[in-house]
Amino acid sequence: MAFLEELQMEGVASHFARIPMFPFFDLTHYMLSLMYLRHEEGICNVSRKSPITCWICSMLSCFGGAMLAAFMLGEPVIKPFESNINIVLATIVWYMVFYFPKDLFFKFCSLLPAKLIIVAGKEIARVRKIAVGVAHAHHVYHHGYIVMVAVGLAKGAGSGLIATIEQLLRGVWKPETNELLDMPFATKATLLGAVLFTMQKTGYVPISKELLILIITTLLVTIKVTLTIMHSHGSPLAPVESALCRVLFGSLPESSSHDEHKTGHGSGARAPEPGKQTRDDNEASLRKRKTKKAE
Amino acid sequence: MAFLEELQMEGVASHFARIPMFPFFDLTHYMLSLMYLRHEEGICNVSRKSPITCWICSMLSCFGGAMLAAFMLGEPVIKPFESNINIVLATIVWYMVFYFPKDLFFKFCSLLPAKLIIVAGKEIARVRKIAVGVAHAHHVYHHGYIVMVAVGLAKGAGSGLIATIEQLLRGVWKPETNELLDMPFATKATLLGAVLFTMQKTGYVPISKELLILIITTLLVTIKVTLTIMHSHGSPLAPVESALCRVLFGSLPESSSHDEHKTGHGSGARAPEPGKQTRDDNEASLRKRKTKKAE
Amino acid sequence: MAFLEELQMEGVASHFARIPMFPFFDLTHYMLSLMYLRHEEGICNVSRKSPITCWICSMLSCFGGAMLAAFMLGEPVIKPFESNINIVLATIVWYMVFYFPKDLFFKFCSLLPAKLIIVAGKEIARVRKIAVGVAHAHHVYHHGYIVMVAVGLAKGAGSGLIATIEQLLRGVWKPETNELLDMPFATKATLLGAVLFTMQKTGYVPISKELLILIITTLLVTIKVTLTIMHSHGSPLAPVESALCRVLFGSLPESSSHDEHKTGHGSGARAPEPGKQTRDDNEASLRKRKTKKAE
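Going down the list, the protein sequences come from chains E, C and R. According to numbering that gives the first Met the number 0, numbering within the first sequence proceeds without interruption in unit steps and concludes at 294. According to numbering that gives the first Met the number 0, numbering within the second sequence proceeds without interruption in unit steps and concludes at 294. According to numbering that gives the first Met the number 0, numbering within the third sequence proceeds without interruption in unit steps and concludes at 294.
None of these hints come from the bench; they were simulated from the model. Among these hints, one or two may not hold up.
For identical chains, the list gives no copy identity; a pair is met inside one copy or between any two copies.
[What the hints assert, rightly or not] Straight-line distance between alpha carbons at most 25 Å, and here's what the computed DMTMM-like set of lysine to aspartate or glutamate pairs gives:
1) 173 <-> 39
2) 101 <-> 240
3) 208 <-> 81
4) 223 <-> 81
5) 106 <-> 5
6) 223 <-> 4
7) 101 <-> 74
8) 173 <-> 40
9) 187 <-> 81
10) 187 <-> 165
11) 78 <-> 9
With the rest of the complex left out, here is chain E (with noise of 0.2 Å):
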């Protein structure tokens, strides 16, 4: 029973894993990252100063994760603008995203259930393209365990990492945050995902592939259609983190668990440490200012 039971799901899996990523999915990824770069402060000045930097900033939000993995392993970073089939579509997007008569596109699109559909659908092209990303890494480099978990990870969510580089390019200079040092839920279940791929690719998980794309998928997408229609930006991986870097890095110095418990964050312990006055002094400048302008 439960070996026809699995025969059953390795088909359903078999199947979903041969649906195509061209259009929807790839439409979906488009449109999400493309009103996440609209939501950036400063884009619409910049959409109506310079279109072709928009644009340009735009396609590095389309197609960022597949430049960055070709950038890891040496390939033409401007392959991703090889199929011009995508790019087309990508610039439809744009242009609806930022162009199109009274926002009517874009607020649409922010409406709740439209929203559900755009961001599972992105959810399920970023696992496949996890997927892909560890097995080309696994073609390139056969041991390179460390070599497929990047390029899984690259691939999977690597706009979000070469934002500091997007930003740059409209001229927002943000060093102080990036995805890597604060990474959001996407990132970190990216990575999770990543390092699971390849140790099914290394045979450490013995499931096939197209299964592990299933689940790994309705769990992201039940996770992340939960997480938008509770408007909450919080990580389900919290809890595990904490107690894992409690573990793994513990050996905290005294001071820390005060610190803790008076800022009462709780995702991961911090150290009082010298550097971080200056980084909390730039915070509170920052806030200053931008009271400031609210003013």
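Put chains C and R on the given structure of chain E with help from the hints.
Using the frame of chain E, we list chains C and R on its own:
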């Protein structure tokens, strides 16, 4: 009669296309690039304190386009440095521009007649480089239109595009501006040229490559020489751009037209976004600092 | 007699060149790189808050040279991560340096006798890496002298050169300084070594590569160990540089010699250019801010 004329033009074009770039046109390219670098704030200080840094920045100015194109196509970024004779030529120009007794070389090149020859030579070299870049990209990606345009643009105007990195190497950081955000005329013309060469390569422009080189070169040299004589930094493309922007990205917020009237820029309408204020604030503080220094 | 002596030297050199880098010399390289990183401002905070970022920065410190060389030559920048055994070794060192109970490991390594061994080992590894880098570049570009020097320099001192990127990953941004602008002795020695190896490779230095490795290693280890014992950050090359700069780039404005006398730096003449003031202004404002914070 028209047929014979065309034949003659083709003959001239094919002769023109066979003129080698080395040494004269390469020389003018190095001279103009380094003269622009010499005008940069703080570079003279760097040239005294750290000649090696100055030399590296100079090489980035001279070979930046080739390096950027190589980076895009996944080739060794250091490939342009393989050609010893070009490096020696650029190094001699670097030495003359920065360390010539009493700065006579720089002063001589800055005289109008000398500068006109250098500007003309540089534009001739630029058009040839765009054509080479597009052809190279076409060789790698037969149908990658965007790739061809991008590589052509990089080859023709790459030094400007990577100026942010070149500045960073000598300790100057200006994230709020770059040549993408605020394209000078030369970069725009390069982009247009890259588009035309790409169209020629893919059969949409029914004239020979040689003739296209001749036409674009004639236009570009004429315009740049005129602009140099008039000491103008304006762009003859501005009205076309303005109209095009209005048609393509025209659905501006109502307030934008007011804004435009007020500022009177005319080079594309601006929307007063919250992000803009930040930029303006920065610019204001920059201006203040400059004024202070001048005192 | 001299012939016999030389034979013996060649034998020693060839034996020395055959000592494998792994594990001891690689280990000392990782240890010193991470000890330097550990001294950086704010890194301890990052190591608590985001161990992954800390690990990535550590790997950049350990393998930055190989990555930079790979980038220059158009090879996969992630190639150094293919070697699992090296990654494991570096990761163990990383864990010990940042998370050892009561920080005993770091304190032990910072003791003078331990540090001297680590410094000596690191310099031995460095010279070998320069030789490997030059040989690799020579293999790709037979006559690219600059390429050979650049790749040798990158291999030997790359971690320092990409420190700006490594800092950026952990949210620290110091554009006003980098190792090119303000070369420490080790980087200068690496550059000199790369030039020598390039000359040997192209036949201008008539001794064997093994002997050259032995000579440069002996010199470098002696100097660095001496500098470490003396707690000095000075450079034994300063007088040579100063003289060389005076001859090559000597046409300084008259005031420069005054300036030099006044500041008494002696490490290369400085010209009081308008650009310098900016830097000085920045430094002054930085110092002010620091003072403020200290209060």
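Now for the hints, and whether the structure bears them out:
| no. | hint | result |
| --- | --- | --- |
| 1 | 173 <-> 39 | both (12 Å within a copy, 20 Å between copies) |
| 2 | 101 <-> 240 | between (44 Å within a copy, 23 Å between copies) |
| 3 | 208 <-> 81 | between (28 Å within a copy, 23 Å between copies) |
| 4 | 223 <-> 81 | neither (31 Å within a copy, 33 Å between copies) |
| 5 | 106 <-> 5 | neither (43 Å within a copy, 55 Å between copies) |
| 6 | 223 <-> 4 | neither (27 Å within a copy, 68 Å between copies) |
| 7 | 101 <-> 74 | neither (41 Å within a copy, 44 Å between copies) |
| 8 | 173 <-> 40 | both (12 Å within a copy, 19 Å between copies) |
| 9 | 187 <-> 81 | between (30 Å within a copy, 23 Å between copies) |
| 10 | 187 <-> 165 | both (21 Å within a copy, 20 Å between copies) |
| 11 | 78 <-> 9 | neither (33 Å within a copy, 35 Å between copies) |
Going down the numbered hints, you'll see the structure goes against 4, 5, 6, 7 and 11, while the others check out.
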